[in-house]
Amino acid sequence: MEKVLMKGNEALAEAAIRAGCKCFFGYPITPQSELPAYLAREMPKRGGVFLQAESEVAAINMVYGAAGAGVRVMTSSSSPGISLKQEGISYLCGAELPCVIVNIMRGGPGLGDIQPAQSDYFQATRGGGHGDYRTIVLAPASVQELVDLVYDAFDLADKYRNPVLILGDGILGQMMEPVVFKERPAKELPPKTWATTGKMGRQKSNVINSLYLDPVKLEEHNRKLFKKYQEIEQKEARYEILNGDDAEYFVVAYGICARIAHAAVEMAREEGIKVGLIRPITLWPYPKKAFEEVLPRAKAFLTVELSCGQMVEDVKLSVEGRAPVYFYGRTGGMVPTAEEIFEEIKKMRGLS
Amino acid sequence: MKVVFERPKSLQPTKTHYCPGCGHGVIHRLVAEVIDELGIQDKTIGVAPVGCAVLAYNYFDVDMQQAAHGRAPAVATGIKRALPDRVVFTYQGDGDLAAIGTAEIVHAAARGENITVIFVNNAIYGMTGGQMAPTTLVGQRTETSPYGRDPQVAGYPIRVCEMLATLDGPSFLARAELTDVKNINKAKSYIKKAFEMQLAGKGFSLVEILSPCPTNWGMKPIDAVEWVKKEMVKVFPPGVFKEPKEG
Amino acid sequence: MSKIIIDKDRCKGCGLCIEVCPKKVLCFDKDTVNMLGYHPVKVKEGCIACGFCATVCPDVVFTIYREEKGGK
Amino acid sequence: MKLEIIMAGFGGQGIMLMGEILAHSAMLEGREVSWIPSYGPEMRGGTANCMVVISDKRIPSPIISSPDILVAMNKPSMEKFTPMVKSGGVVILNKALIDERPARNDIEIIEVDASGIADELGNMRVANMVALGVLVGKTGVVKPETVIKSIDHFLPEHRKNMLEINEKALMRGIAEIKK
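If you're matching them up, the sequences are chains H, U, A and R in order.
In short: position in the first sequence from 1, add 9, done, that's this note's numbering.
In short: position in the second sequence from 1, add 1358, done, that's this note's numbering.
In short: position in the third sequence from 1, add 185, done, that's this note's numbering.
In short: position in the fourth sequence from 1, add 64, done, that's this note's numbering.
None of these hints come from the bench; they were simulated from the model.
Quantities reported herein were computed from a predicted structural model and do not represent experimental measurements.
Among the hints, a few may not be true.
[To be verified] Between beta-carbon pairs, the in silico distance windows are:
#, chain 1, residue 1, chain 2, residue 2, range
1, R, E93, H, G281, 30 to 36 angstroms
2, H, E348, R, E93, 28 to 34 angstroms
3, H, G29, R, E164, 29 to 35 angstroms
4, H, G29, U, A1558, 27 to 33 angstroms
5, R, K242, H, G56, 49 to 55 angstroms
6, H, E301, R, E164, 54 to 60 angstroms
7, H, R193, R, P147, 43 to 49 angstroms
8, H, G281, R, M65, 22 to 28 angstroms
9, U, D1508, H, D223, 37 to 43 angstroms
10, H, K191, R, K144, 37 to 43 angstroms
Ideal placement from N, C-alpha and C gives every residue a C-beta, glycine not left out.
All chains should be modelled from the sequences, with the hints used to inform the complete structure.
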């Protein structure tokens, strides 16, 4: 397999095409602009559709239309643009339409800045828009994983008829790493008999809709959605534990932050501190199992995020008070150094 | 016996929820008749708006998507780009198309998106109970312009056909009035023309239809029709605003 | 000869058809209240099957047939 | 083996490309690599920098807080990044644009007239390759022929005529070390 050196944003775009993405609708925003630029070049050559919409709102609704028509479709943006897409994401979830949404996060709130951040965690994992819903959230930490998770994202979206979010950050989008595009056998997925393709000889017309005027029906629909979400929680949670075999202390971090935390863990190991790293790969469903696995021997947890503390709530929910949970975060586009995190690891050991 | 009139195939037998004398029922039927006449029921996909016509997917017997408020042209764009050989239309009211969805309609038109838009203009918000619309006439009383629309406060009505006619993208733009047999037939001929444009790959087509809303105007159905004829057409002159040159 | 079928349970009593009828053969059936709670429209003698009523009717109440010339 | 490098200079000096070529060469030689740019308004005319990590093992963090090597192509870059360089590390300075020496004596400072040499070769824009040559000559982290392969990889079709001068600049940089 040939290794190529690629930017995260471009590798993501290439992976999407290879995963069968037929349509892309987006609106420019830093730091994800290489992604639409790549697709603008490649899609027309490879039988796909690239369209720059008039706004993020329009883009996500184009996604709704194309997803409803039964094709694989993707959009991408960065934090402020994702806020604009929330309306559409809620509708996509309500109408159970599969699609992939990429958020290359930047600093907020408001216009914020264009530096890397992880402050959209709540928005991503709690729904984000109105109504009772969840989106699957994947958090890659390297360019290779970004590529691999794009394939998974499309498969998961189709399997569960649900939007899947890929949550990256400015660094991941901008960084270059070697990547291999492995050939993947197509997954066995349910046929899209629900798609509005025109009746084309079908007896009954298909309707894509999220409106249920009868509350009894809407409750039924919401319960059905939640049954699906429960199944996803049971089957699809993913994580990685590094340096964990004999660890007594654990750093918890995802995405680019997990990379820096990993460097800090290695520093601590050199000084004989028994510390490991829990790296959630799915942020929703949250990998509670990772904590079950280490709780019998864990003395304390340190959550590190590029935010003022969002994922730490899920860590606390997973630890259920059985060990102290500490937090260290940098925000607004600032990124901690490995040394900073190392100091926090030492503090954690001193405190517990 | 020869059939003079019967329910078109592309219209479900379902009774509509529309008020007595509402224009939506007629416009639904005209669209369905055109779909039947062009023989495109099997490959047509409609997009329902938010507004009184939100339940349009229950009435048309074609595949339908229900869109977020104002976003029907974007949703239709997604469908059409994914399935270019299908016929895609949106059905939108004045709040949906000319207020919250202004950006979407202008840009779909500017792109020359090869879709057909049925725009129902009744100068008021029906579904939410009679508030001022972007097409409410100056002086017209609504729930949110109780003293009559005052341009000093609420500005002026938007003429969608005229506005879109400044763009290069649209192939066919026309406005009809739902006032009498002759004009209803004319509305149908415009709708047919609009779909034919799409079938010929000519790009964006839109038919605006001035339609009575007796309930929210506080009028009897017959008076509402008269009001369209006397007042609305003064502000929104019917006619063709854009069509391809012959030849 | 012509035949006009009125699906009275679809009628919402707007009266647009009565107004438009050139022969003035349509009127409300004051003796009936339909499923929707309206006095539906009814037809008297003299319909010429012009189809005007069906054209203006928002509720697809009418189905209209006309005897073909020379046929039965 | 693990090497952490920061390259910095003006936007337009080819800083990003210099890093990409180095990362690409190391990848071709079977190493793990990462490259991250500073991104944003500074890309367009202000200062630009990129971080390259080359390692035999999986790279934990692509973000460098204390580099082994700094390549500073202008004075603001030298001022900004020299304090971060690891004790015992190396700073490669583009002498032509830096009229000061950093006030540290625990690091090795290599001054090279990258812009001057490039100018002499006929194109100021290849100063980055001179500096890269110095880095390659100093560390031996990748073979010169691999770097040349990478330069070729990054040159677009209509710029292939630039391969020769880039190659010359690289070799001149390597030669500077051997002097």
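Structure-based check of each hint:
Between R/E93 and H/G281 the CB atoms are about 34 angstroms apart, so this pair conforms to the stated range of 30 to 36 angstroms. For the hinted restraint 28 to 34 angstroms between H/E348 and R/E93, the CB-CB distance of approximately 29 angstroms keeps it satisfied. For the pair H/G29 and R/E164, the beta carbons lie near 56 angstroms from each other, so the given range of 29 to 35 angstroms is not met. Taking the beta carbon of each, H/G29 and U/A1558 are about 31 angstroms apart, inside 27 to 33 angstroms as hinted.
For the pair R/K242 and H/G56, the supplied restraint of 49 to 55 angstroms holds, since their beta-carbon distance comes to about 53 angstroms. For H/E301 and R/E164, the hinted distance range of 54 to 60 angstroms is satisfied, since their beta carbons lie about 58 angstroms from each other. Between H/R193 and R/P147 the Cβ separation comes to about 47 angstroms, which falls inside the hinted range of 43 to 49 angstroms. About 24 angstroms separates the C-beta atoms of H/G281 and R/M65, a value consistent with the hinted range of 22 to 28 angstroms.
The hinted range of 37 to 43 angstroms is satisfied by U/D1508 and H/D223, whose Cβ atoms lie roughly 40 angstroms apart. Checking the proposed 37 to 43 angstroms range against H/K191 and R/K144 shows it holds: the Cβ atoms sit about 40 angstroms from each other.
When held up to the earlier numbered hints, the structure conflicts with hint 3 and nothing else.
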